[in-house]
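Asks: Same order as they appear, the protein sequences are chains A and B.
Taking my numbering, the leading residue of the first sequence gets 1, the next gets one more, and so forth.
Taking my numbering, the leading residue of the second sequence gets 1001, the next gets one more, and so forth.
Worth flagging that the hints you see were computed from the coordinates, not collected in a lab.
For every residue, glycine included, the Cβ atom is placed at its ideal position computed from N, Cα and C.
Any given hint could be a false lead.
[Said to hold, decoys possible] To give an idea of the chain A side of the interface with chain B (calculated C-beta under 10 Å), a few residues: (1) K86; (2) K121; (3) V177.
[Said to hold, decoys possible] To give an idea of the chain B side of the interface with chain A (calculated C-beta under 10 Å), a few residues: (4) D1177; (5) C1179; (6) C1184; (7) N1257; (8) N1258.
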Amino acid sequence: MRPLVRLGSTVGVLALVIAAAACTKKEETPDGGATALTAAQVKVALVPGGAHPYFQPWKDAGGKAKTDFAFGDVTFNETAGWDQTKQNDVLTSLAAQGYNAFGIFGVAPESINSTFENLKKQGFHVGSLASCPAGDKNLADFCLSTDVQEAAYKAARAAVDAMGGAGNLVHLTGNKVDSNTQRRIAGVQKAVDETGGKVKLLDTITDIDKDLQTAQKAVADLLAAKGSQVNAIVTTAYNPAVAAAGGVKQAKLPIKVIAIDDDPTIIAGIKAGEVAATVLQNPVGQAYVGSYALVKLSEGCTMATPGVIIDSGSFVVTTANVATYDNDRAAKTDSLKSDFDSKYLTCAK
Amino acid sequence: MKQEETTPEQRPPARLPLWANPRIGLVVLLIALIALFTTLRPAFLNTQLTLVPMQADISVYAVVGLSQLAVLSLGHMNMAVGRMAAMSAFASGLLHDRLDAPLLVALAGGLAVGALLGALAGLVISRTGVNSFVVTLALDFALIGLVSLLYATFTDGVAFNGLPAGMSALRTDTFADYCAGDVCGPEIPLLAPIALIAVLGVGLLFRWSRVGREVLMTGANAKAAELSGIPVRWRVVQAHALSGLLAGLAGFLLSANNGSFSAGVGDGFLLPSFLAPVLGGTLLVGGAVSVLGTVLGTAITQVIYKGLNLLQFQVDELKLYIGLVLLAALSLDRLRHVLAERRGVPA
Chain A
1 MRPLVRLGST VGVLALVIAA AACTKKEETP DGGATALTAA QVKVALVPGG
51 AHPYFQPWKD AGGKAKTDFA FGDVTFNETA GWDQTKQNDV LTSLAAQGYN
101 AFGIFGVAPE SINSTFENLK KQGFHVGSLA SCPAGDKNLA DFCLSTDVQE
151 AAYKAARAAV DAMGGAGNLV HLTGNKVDSN TQRRIAGVQK AVDETGGKVK
201 LLDTITDIDK DLQTAQKAVA DLLAAKGSQV NAIVTTAYNP AVAAAGGVKQ
251 AKLPIKVIAI DDDPTIIAGI KAGEVAATVL QNPVGQAYVG SYALVKLSEG
301 CTMATPGVII DSGSFVVTTA NVATYDNDRA AKTDSLKSDF DSKYLTCAK
Chain B
1001 MKQEETTPEQ RPPARLPLWA NPRIGLVVLL IALIALFTTL RPAFLNTQLT
1051 LVPMQADISV YAVVGLSQLA VLSLGHMNMA VGRMAAMSAF ASGLLHDRLD
1101 APLLVALAGG LAVGALLGAL AGLVISRTGV NSFVVTLALD FALIGLVSLL
1151 YATFTDGVAF NGLPAGMSAL RTDTFADYCA GDVCGPEIPL LAPIALIAVL
1201 GVGLLFRWSR VGREVLMTGA NAKAAELSGI PVRWRVVQAH ALSGLLAGLA
1251 GFLLSANNGS FSAGVGDGFL LPSFLAPVLG GTLLVGGAVS VLGTVLGTAI
1301 TQVIYKGLNL LQFQVDELKL YIGLVLLAAL SLDRLRHVLA ERRGVPA
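Take these sequences, add in the hints, and give me the full structure.
Replies: Right under this line is the structure:
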């Protein structure tokens, strides 16, 4: 038996080697698979990296875009579970279901370009929403996102102002092995460096944006250990922001909190004077204008600069403008849409 | 007790009836699931968008399952599967980034690091007698920090820019892209044969090699194995080294599939690493493994995941139904097992 097995395997391996040696790679068909569609044929999928409160406005914004721009369909799928492999799976499944334009928040900015490349190769249009790929290359048609480093810098500047230009600052943020977090850390560091040593970055606490409980525990630990030394907390992720606002209020410490986004707790905190400021992003604009651009691309428009990176805006909200901030955001969304028409898209008349 | 065909002591005296063979049960289940999902969503058979990506995922997770199987053979666990993969991917990335190492050298370097980490875990377990769960969990915690530190030191952030030449082809190409004259290969991703080599290697090791059989005997009864003259401690180190090596290979395959050597490689490996072997009939207590069952277990899990994705379940429903389908699959297998016992057939 064994000699037969050996003979069989040798012949098999030999056959494979000969077959492999005779093979040549098929020439790539030119990438022009994307044929122009009518708006009614466009099906947009908005796919965040996983479930997170930040993305919830995408649902309504996508629905509104569908009504306003009369395209075929829109879906919101948050099942990727913060795993790039699963997100890739979700995307190909949606493509198999007939979705042909994708607004994606990539789980792993360092490898999302490969995902974009795969989708584009099959003729789909892709927008990178709310986060751009790491590095200096964006293989999606465009990236419409908060400039996270700039937003973190603005937040840290607001913190420095709130603490009177001197003292100890703590930075609370998300997943450390995420290049966006690294950019946020760099943004905060830049603002601290600008004070010439007057403000000291006491601690940068990462990996606490998984859920609210994790963030609350981290804030409680921080306040118990160093509460009396801290003058301000700057947060650059959603759950730490909500936890810091609540934790400082409960501990009744004179710490200035700079939050991010507009969770009702945070807005209430600003109105009550417990939260010094918050830096808002523009998720509605990302999904609404992102869907618009994807429909236009599917209809045959092209990007004037493929892979262009567009800042979707960030806004510092304090007690002074807490009542009117949404107007600024809506105005930014409108201007983004007209910028796509006038600057970013090239459409045949 | 379950008698596996790879149990070293003895083989079943008579051939199993087809229905009583656990692997046949899994194949039937797999076919039934494919038929079900195809009926509900014909897009399940879409080659480019469903079948090819699914084969690539099965290739990665089958190797992840084998990595855990290598230590389950001893009745041990490897809680650091994901982080061993991450360290191995880091080593491959570093070799390419700093020394411009070609694909095979980067892969070999990564595998060596994985195997060394596994061997280290095995050495600590065999020398101290501390439970493998505790040792590998501690190693996992240590490596989480180390991976993050290493990437921060050697890269701009959390990933290496660039991949060795040929690695992108592993992600994008199938054999259908390669032709001899007019005859092109099948729509199978280039990653698949790498996983197949691992499957065959591990299968042959546990079935025919002396080392593999002695590892299984150690898993079945360490005392008896030692009294029979088997170098038990050395076999523990070897099985853990194999687990690390396979975790490294899985890390490489995932890096190829996702397009970068990054710190996040291996984050989602732990649960699938147990799921596939256990679903496939490998015993948690050691002494019996099923390599083919692990591959089938992986395929079933991926088919369920893909099918539910195609049915566009929302996040909570998706988890609920994955749990329910897996529970149903395990119950069916148990039912088959009980029926086999009643009829006096070893299954």
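Asks: All hints, please: hold or fail.
Replies: To see whether the hints hold, each was checked on the structure:
Checking K86(A) against chain B by beta carbon gives a least distance of about 7 Å; that is within 10 Å, so the hint holds. Annotation: interface hint on K121(A) holds; nearest CB of chain B at approximately 7 Å, less than 10 Å. Checking V177(A) against chain B: minimum C-beta separation of about 4 Å stays under 10 Å; hint holds. This hint holds: D1177(B) has a C-beta 5 Å from the nearest C-beta of chain A, less than the 10 Å allowed.
Interface restraint check for C1179(B): the shortest CB-CB distance to chain A comes to about 5 Å, inside 10 Å, so the restraint holds. Given hint, C1184(B) at the interface with chain A, holds; its Cβ is 7 Å from that chain's nearest Cβ, closer than 10 Å. A least Cβ separation of about 7 Å between N1257(B) and chain A falls short of the 10 Å threshold, and the interface hint therefore holds. This hint holds: N1258(B) has a C-beta 4 Å from the nearest C-beta of chain A, less than the 10 Å allowed.
In summary, the structure agrees with every hint in the numbered list given earlier.
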